[in-house]
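Here is how the chains run, residue by residue.
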Amino acid sequence: MAGFGTSIGRPIYGRGPSPGLRFTVYALLSLTLMNLDQRAHWSQRLRYGLEAVAYPVQVAVNSPLAAWHWLTDSFSTRGMLRIENQRLHDQVLALQLAQLRQQALEQENAQLRELHARMPPLVKKWIVAEVIGVDSGTLRQRLIINRGAREGVAVNQPVLDGAGIIGQVAHVGPWSAEVILITDPEHAIPVQVQRNGLRTIAVGSGNAEELLLPYLAVNSDVRGGDVLLSSGLGGVFPAGYPVGRISGVHRESNQLLAQVRAEPTAHIDRARELLLVEFEPGNPAAPPTTEALAAAASPEPAAPAPASAAPPDGSGAPAARGGAARAKRKDAAAKP
Amino acid sequence: MISRESLPAILLTSTVALVLNILPLPGWLPVIRPAFLVLAVLYWSTMAPFVAGMALGFFGGLALDVFQGSLLGEHALALSFLTYLALRLNLLTRAKPIFEQSLYVLVALVAYELLLWLIDGWTGHALSSPLRWVHTVVGALIWPLVVGVLGRFHTTR
Chain A
1 MAGFGTSIGR PIYGRGPSPG LRFTVYALLS LTLMNLDQRA HWSQRLRYGL
51 EAVAYPVQVA VNSPLAAWHW LTDSFSTRGM LRIENQRLHD QVLALQLAQL
101 RQQALEQENA QLRELHARMP PLVKKWIVAE VIGVDSGTLR QRLIINRGAR
151 EGVAVNQPVL DGAGIIGQVA HVGPWSAEVI LITDPEHAIP VQVQRNGLRT
201 IAVGSGNAEE LLLPYLAVNS DVRGGDVLLS SGLGGVFPAG YPVGRISGVH
251 RESNQLLAQV RAEPTAHIDR ARELLLVEFE PGNPAAPPTT EALAAAASPE
301 PAAPAPASAA PPDGSGAPAA RGGAARAKRK DAAAKP
Chain B
337 MISRESLPAI LLTSTVALVL NILPLPGWLP VIRPAFLVLA VLYWSTMAPF
387 VAGMALGFFG GLALDVFQGS LLGEHALALS FLTYLALRLN LLTRAKPIFE
437 QSLYVLVALV AYELLLWLID GWTGHALSSP LRWVHTVVGA LIWPLVVGVL
487 GRFHTTR
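Chains as they are written, first to last, in our numbering: chain A, 1 to 336; chain B, 337 to 493.
Don't take every hint at face value.
To be verified - According to the in silico footprint, chain A covers these stretches of chain B (three or more CB under 8 Å from chain A): (1) 352-362; (2) 403-410.
To be verified - Over 10 Å on every C-beta distance to chain B, these chain A residues come out as not near it, computed from the model: (3) L33; (4) Q86; (5) S136; (6) L139; (7) D161; (8) R261; (9) E280.
No lab work stands behind these hints, which were simulated from the structure alone.
Remember, it's a predicted structure, so these values are computed and weren't measured experimentally.
Backbone N, C-alpha and C fix where the C-beta goes; we use that ideal spot for every residue, glycine too.
Chain B extracted, bound-state conformation:
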């Protein structure tokens, strides 16, 4: 069990992930940019479910809404849903081999993007592009890296 002391680490890494998410990038890089904040929230709600709770998902999503100018609550709902899944299934997923975890991450990211896509459609932003799904694959591919980096931020075990 991870002790409470890692809360600052969780907030720090989530903030860095948010900055990476909204950093202006040139050319085609934004298309392949993984959803860093979603990956960080998934990691922390799987690995530290009693420290990083639903609030991290909700407020992280709200921050994405504010910075990306999307409908307020859109990313908040999608990310809360992912956090809920991660919290519910963390005993199932946390002990799995890393590549199997990547597969779960892919499913989670597709569910996240699907939810955003549905909300976009319902609220009249029907324009879509197949490129919006690219980040789900990229996110699943870099999951081992995310685990490797964020794993260093556990203070006590």
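Here chain A stands alone, though its shape is the one from the complex:
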């Protein structure tokens, strides 16, 4: 490529190789990087390092927004704080009430499943993370958060806010992580209609206020206002967490599939603090581990019951109880 150069592009006082040669070198470098990043996990370490370098810049770039939030927070008046305090107080009471009911329901559920041992709590550990960067376009819906591998964040970890599921961790750096939102067009989450248990998949639309349900037949029983819960299939998200609410169903008689849209329950475009949750593998609602998925998929009937409903008795503790095994979970829900 360097050979066909006319005198036009050549440096007049020749300093270093010609642009053609240098372009060839850089292009080969780029192609190698892309190949490594696409196929091998070899470049994960490189990316990990690069994200460490990028972290301070991301914090700096986001600082005007953070400063604005800090300013509005510190100048909020006593009256506003009192109102907020009152609201939070009411919310705590309501949540306590719901919690009471939930304990009763969990006990009842455990009895129904004839489990004599007490069910372990679903949530094993959670980390609060702050959003330090937003990447919202029609093709990418991502967030950068200020918690990384040092705090125990792992790839494919579910991310929630107070109202529902937000997304999952896509890349991890030492102090930061990238979250792919459920509204990213490359993200799909298995869901279930709360009213009748209908299972389907919700795909991101590229708009932070909309999810698409492209795989529902025209005659399927969905209505506007139906609540979508995560179904727990796919091995990433736990079962039973709110994902969205159906906002529109459009049926055409000459089409096989209905056009169904949903509105995410979580405050995807407004959330500033997120929860990164690690689930107790013993609980039936937790996402199954890689080992459990492999056991369920193998032809030998090692586990006759569905993997997610394995009895969580303490004596027969599953091997995959550590956090390290969970990081290697299949990326099943990330790619439709």
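Place chain B on chain A using the hints.
Chain B in isolation, oriented as in the chain A frame:
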């Protein structure tokens, strides 16, 4: 000919352009946001070809890959290609009237986006939206502004 002293200015303006590129913006602004870093790299490799070389394009593109979480090397390849074009054609384009330059910039930005689009398709990110092309037009429209602003950063002529 621009002397070597403008290298800090080039790095400074490119960094500012990168920050503008990755700054979180609300609503529809990200769609019409021009690719500031690409414009800065185009400007510097046209106007100061011996100071800002291929390395600026490559490492600028790599920075975009890291900050935007895209495939490592994707933007690096596209921006290296644009830098190569700009370096090759700088004697042809730098003396042209500004609006004709805008036209070249439009072609360059479309080539850049086309390359990204092809790489996206080849690597399995086939989802695309016509909105991704909007920034090419916006970039060509603000080129006179870019020339006006970056022109102040020449230290010696």
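Cross-check of the supplied hints:
1. A stretch counts as covered by a chain when three or more of its residues have a beta carbon under 8 Å from one of that chain; for the region 352-362 of chain B and chain A the count is 4, and the coverage holds.
2. Residue count for the region 403-410 of chain B with a Cβ under 8 Å from a Cβ of chain A: 7. That meets the three needed, and the coverage hint holds.
3. Separation of L33(A) from chain B is inadequate, the least Cβ-Cβ distance of about 3 Å not exceeding the 10 Å criterion.
4. A cut-off of 10 Å between C-beta atoms confirms that Q86(A) is not in contact with chain B; the least separation is 30 Å.
5. The Cβ of S136(A) does not lie farther than 10 Å from every Cβ of chain B; its closest approach is about 6 Å, which violates its non-interface assignment.
6. With a closest Cβ-Cβ approach of about 6 Å to chain B, L139(A) is found to fall inside the 10 Å limit, against its non-interface label.
7. For D161(A), the non-interface assignment is confirmed: its Cβ lies about 18 Å from the closest Cβ of chain B, beyond the 10 Å cut-off.
8. No beta-carbon of chain B is positioned within 10 Å of the beta-carbon of R261(A); the least distance is around 17 Å.
9. Consistency note on E280(A): stated as away from chain B, and its beta-carbon is indeed over 10 Å from all of that chain's, at 30 Å minimum.
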